[in-house]
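A.B. asks: Those sequence lines, one after another, are chains R and Y.
Note that the first sequence covers residues 1 to 305 in my numbering.
Note that the second sequence covers residues 306 to 582 in my numbering.
Any given hint might turn out to be false.
[Said to hold, decoys possible] No more than 25 Å apart at the CA atoms, straight line, and that leaves these computed lysine-lysine pairs for PhoX-like:
#	chain 1	residue 1	chain 2	residue 2
1	Y	Lys411	Y	Lys471
2	Y	Lys482	R	Lys12
3	Y	Lys471	R	Lys107
Hints listed in this document are in silico derivations from the structure and should not be mistaken for laboratory results.
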Amino acid sequence: MTNPRLHILGLKKEKRLAWLFVLPTLTLVVGVYAYPILTTLVYSVTTIDIATYTIREFVGLGNFQYIISNEFFSPTLIRTIYFGMMVVVMTILLAIGVSLLININFKGNKILKIIILLPWAVPPVVSGVMWSQMFQYEFGFINKIIKIFGGQGDTIWLGSPTLALHVLIITEIWRWLPFATLFIFAAMQTIPRSVIEAAAIDGAGYFKTVKGVILPIIVPGIIPVAIFLFVSAMKAFDTIFVLTAGGPRSGTTTLNYLVYLQGFQQFKFGRAAATAYILTFVILAVIFTMFLVNRLLSQRRSMNA
Amino acid sequence: MLKRSFLTNVIIYLSSALLVIFILSPLYVVVITSLQLEKDIRSPNLNLIPQYLDFRHYLEIFKPDHIVPVLPAMRNSLIVSTLAALFSVLIATPAAYALNRMHFPKSKMILRMLISIYILPTLLFIIPLYIAWVNLGLFDTYLGLLILYTTFMLPFSVWVLGSFVKAIPIEIEEAAKIDGATTNQLLTKIMIPLLRPGLFACLIFSFVLSWVEFATPLIFTSEIKIITVSLGLYRSTVDIQIGQLAAAAVIITLPVILITLILQKQIQQVVLIGADR
């Protein structure tokens, strides 16, 4: 990007000023992100002495080998990706539904828009506490509702690995719904009223309009939201920590939580560093795949058009 | 506007009701729990609609000798979050301006790299930082937390403020220069005032995200005197009764809920810009 108005200050002087402006940011970013990321890479091929916090020995790819060949690895990997994908798909579907709803003009629409925003303001620790109370088996809200509707209402939600994982998924959906809705609703509002009205005049019913006009316009913009949600799910920590602490029987231990356990419960920093890099690789691979799928889909769309 | 059939209206209000229940029921449950006596919370015949309201848990958690220091935790969080928001905006503003409006080598690439930091899992850089913080004596200090909070918000702030900078027409700057404004005047008298809404939104956003931060104090602090709200709340899940826990949850959530309600326009704006990569 060239800039036409610099010459008043003089190019040399302006460049010096620009460096001055950027330097504090770059210093912090290098110190707190870049340097540690490289150090983690070094740690991943070592074992760390936790009495002195120094490298004890280099083990080559030993940490990676240990993790990948361990029996906990593939269940954890599958669980992590399943968890991420469920959060992405369910949140987006729900957000599309909610956006369609608040796009309709009806009484109470404004209040609904505000209520939708609320989970954003709830600290993740609090939402962990709230949802663990909701799913508490004796006095929890969920079991109570089930009883009211005539069910048994004695499910021990957080006692089973599979159920607990899905409680966690619900908690994450609840937490990210405001963001996803905000984004998708904004995309929906870029559609001119006239387009929707034209569809109505053509005799297309509401669902036909949604399918034929609204969805095709918002779907291409969904990939960034999907990436954001996936990354957030991969980084989920607070809710897991408070809700289940990775249990029961590791049923809610994602790769990210595994890094924490290895690093700050077992103090095996080398192993944790290796797992962190495996997680990073998984995230990048999934994002890359999402981009690829998006590319292929948009190519097909343009061919159809 | 077409007239809607009765059935359509039923569908609209029914789905709205379900949505509201999904969003609000956990909040409702925690508020109700905070207002019931401990013996009733634990009893199986606890009502979803309370028979009485009792504020004792709130009085209890604010007592100075309480096992989880809610008030000091709020003070700590207030100090660290406010300073972190101020510093991140203070540091990000000149960078956002330089990277979007001045000659700087590879400015676009730097911006892209800054925002892609958020793709990486936080634990990828936490381990060396933990070791460094212990060695540098930053563990368990305000300064240690402050540096981390500020830097965690920094790429986002540069990005968001950058889009506010880009929204200011370049002609305004040119006109000011033609009128003989010095660089100093241009920045302080023209850019900063024009950026004010962006700066404000960014401050609020950084404050809220720092307020709810959990993993950083969990890993980088251990002493009770430096405890922050999120961590304090977690510690209380181990130590105190459910009623008091719920009361503490309400107290630490209330400020951020209020900020969100009052400033929803600004927050929505920042979220949308932040998402717009």
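A.B. asks: Work down the list of hints and note, for each, if the structure agrees.
C.D. replies: Checked hints:
no.: 1; hint: Lys411(Y) to Lys471(Y); in the structure: holds, 17 Å
no.: 2; hint: Lys482(Y) to Lys12(R); in the structure: holds, 17 Å
no.: 3; hint: Lys471(Y) to Lys107(R); in the structure: violated, 38 Å
Checked against the numbered hints given earlier, the structure breaks only hint 3 and satisfies all the rest.
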